[in-house]
Amino acid sequence: MATYAEMAEMYEDIKSDFRFDHELNGCLNCGICTATCPSAQFYDYSPREIVQLLWTENVEQIYDAMQEKIWACAQCMTCAARCPFKNSPGGLVSIMREVAIKHGMQSAKDVLRPFGRVMLKLITTGNQLSADMIQPDHFPDWGPNIQKVEGDLKVLRKAIPVKTLQTTETAWEVSLKTSVEMYTIWEMTGVMKQLETMDENLFDVIVDFIEEKREDYEDWLEEHADEKNDD
Amino acid sequence: MSDAVLVVGAGPTGLAAAHGVASIGRRVVLVEKESVLGGAPILSRYAKLVPSGEWAKDAIGRMVKRVEDAKLVEIHKGTKVTKLDGERGNFTATLANGKTVQAGAVILGTGFTHFDAINKPEWGFGTYPDVVTTTQVEQMVGAGKIACPSDGRTPERVCILLCVGSRDRQIGREWCSKICCTVSTNLAMEIKELSPSTDVFIYYMDIRTFGLYEDKFYWKSQEEFRTKFVKARIAEVTVAPDGKRLLVKGEDTLVKRPIMIAFDLVVHAIGMDPNEENPEIAKVFGVGLEQHGFLERGEHYTSTFASTRPGVYVGGAALAPEDIDTCISHGLAMAMRAVGDLNALAPKAA
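For the record, the sequence lines run as chains S and W. Numbering follows the numbering used here, with no gaps: position 5 of the first sequence is 5. Numbering follows the numbering used here, with no gaps: position 250 of the second sequence is 481.
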């Protein structure tokens, strides 16, 4: 349990986000956001409650909502499309989530843990999912017909006449240069810092991998330096 | 100098202004674009007016007759002003029918346009026949029967959605239309009078039955007519599995529960838009528009009901959403303004 000062600091972080005033204009308490919210149908989550807590600066209840409720939002933004005041409750949730991560809240760690594998795949291949990761047995919502065509799909993918850079190990090949640029973006925008706060072990693995990739890229640059001079 | 006053628009504002000017001995030229006088209450066939409870056709009808009978009022119906030249004390207006009118002052009572509920498609107007507007219910009350347009059945449950086309930044209507809360409570009582077995629910964000309308409408509709008020803005109106009734989805914000309720008839309490012809009116009369698109008001404290052009006055629902009683007061006040200013311009007797 956080102290009041810690909770107040988190609220300040939310309020001082550059998006905050854009996402929150006030509140008429009409409830159209909650009425239209798919998550509110299934979870103890109400976008109107989030807006009201932030607007009334209820730091204890804001902290309480960050323990669980804000993670129920699916970020569909229907609330923002409906709000007669043009607030964006979903946008506010997005800010609150980032602050929860920054402060290393347990709720954020719990929610994000299953995504560690996705993160690792993303960093190492540049793809979230690749064809060989997709097992139709694990996706019942695709329906029974996927089983019938699945075998042929691999052949069909390879048969696409134009060059698509597709492989079955990755959805497509990402160039070394693009990967390195991506790592720089993640570092500069604070993604790596967030990762460190959320999962130190995963962070270490990924940092090692990034360093390797950067070295590869340096080598590649050196190898090709002569070619460039020849031009 | 011309001593006549040109009054544009023959709704409650223009009728009050025309009669006011004539009653103090000035000549009036009244121009109305429609072929009948009376404005929205007559053209849209309103039922009983707030707060008098008189039928619109009787109450506004008397205003029309009073103006038609006034010897000093010359009436041009079915035509518009297409050009206004000159200046205070000496205007020349050209009408669409080719005539010209000399006037020393101009009073604009050009009114408003009902919000077109088709602009909020998620609430079902234009999709489901049993979603109607308050104007349509006014007409049902006038005809003496409340019925679902789809099959003519008497509705067991009716809901009225407030703020349709008002207080909504999503569609650029950032104003409160002022009258709809009271009109809706009035309609709820009229529905119950005509069909005692019908239950009426009103979905609201705030209830603004201002001044004396609090007990005469808001309280009375509950105490005597059992109207139910739910604080919720509706997310969407869809059709129920029976294919007949309408489903209304919202959050009861006071008990913090999602609600999904079936109704036979859904009524949109439509707001007041700026007159859809305001851009043209602003151009023809050389007056400004304010940020929402209503006509712009000049300095009010010592130049009451001034527009942005000297000698042209503006009042009623042309300025902002307004109730009929206030429009009538504006009309009479503009008559005072116009005649007073003309008197000040008149050459002093030696």
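Think of the hints as simulated: they come from the structure by calculation, not from any bench. Among the clues, some could well be false.
[Said to hold, decoys possible] When the alpha-carbon atoms are kept at most 30 angstroms apart in a straight line, the in silico DSSO-like pairs for lysine-lysine are as follows:
{"hint": "1", "chain 1": "W", "residue 1": "K314", "chain 2": "W", "residue 2": "K480"}
{"hint": "2", "chain 1": "W", "residue 1": "K459", "chain 2": "S", "residue 2": "K86"}
{"hint": "3", "chain 1": "S", "residue 1": "K86", "chain 2": "S", "residue 2": "K158"}
{"hint": "4", "chain 1": "W", "residue 1": "K480", "chain 2": "S", "residue 2": "K86"}
{"hint": "5", "chain 1": "S", "residue 1": "K86", "chain 2": "W", "residue 2": "K409"}
[To be verified] Beyond 12 angstroms from chain S on every Cβ pair, some chain W residues (computed):
{"hint": "6", "residue": "K288"}
{"hint": "7", "residue": "T364"}
{"hint": "8", "residue": "P380"}
{"hint": "9", "residue": "R388"}
{"hint": "10", "residue": "R400"}
{"hint": "11", "residue": "Q401"}
{"hint": "12", "residue": "Y532"}
{"hint": "13", "residue": "P552"}
C-beta: ideal position from N, C-alpha, C; glycine also.
Quick check for students: does the CB of Q401(W) sit more than 12 angstroms from each CB in chain S? violated (6 angstroms)
Non-interface label on R400(W), tested against every C-beta of chain S at 12 angstroms: The claim breaks: R400(W) does not keep its Cβ more than 12 angstroms from every Cβ of chain S (closest is about 4 angstroms).
Confirm or reject the statement that P552(W) sits farther than 12 angstroms, beta carbon to beta carbon, from all of chain S. holds (16 angstroms)
Hey, K86(S) versus K158(S), does the alpha-carbon distance stay inside 30 angstroms? Violated. K86(S) to K158(S) sits at ~47 angstroms, over the 30 angstroms cutoff.
Pairwise hint evaluation, K86(S) against K480(W), where the allowed Cα distance is 30 angstroms at most: holds (20 angstroms)
Taking 30 angstroms as the top limit, are the C-alpha atoms of K459(W) and K86(S) close enough? holds (28 angstroms)
Sort out whether K409(W) lies within 30 angstroms of K86(S), counting only the CA atoms. Given pair K86(S), K409(W) holds - Cα atoms ~21 angstroms apart, limit 30 angstroms.
The output says K288(W) does not contact chain S. Does that hold with a beta carbon cutoff of 12 angstroms? At roughly 35 angstroms from the nearest Cβ of chain S, K288(W) sits farther out than 12 angstroms, so the non-interface label holds.
Does the claim that T364(W) lies outside the interface with chain S hold up, using a Cβ gap greater than 12 angstroms? Holds: least Cβ distance 18 angstroms, greater than 12 angstroms.
Please verify whether K314(W) and K480(W) have alpha carbons no more than 30 angstroms apart. violated (50 angstroms)
Beyond 12 angstroms from every chain S Cβ: check whether that's true for P380(W). Answer for P380(W): holds, closest chain S Cβ roughly 26 angstroms.
Evaluate the condition: distance from the CB of R388(W) to the nearest CB of chain S exceeds 12 angstroms. Holds, since 19 angstroms exceeds 12 angstroms.
Hints 1, 3, 10, 11 from the earlier list are contradicted by this structure; the remaining hints agree with it.
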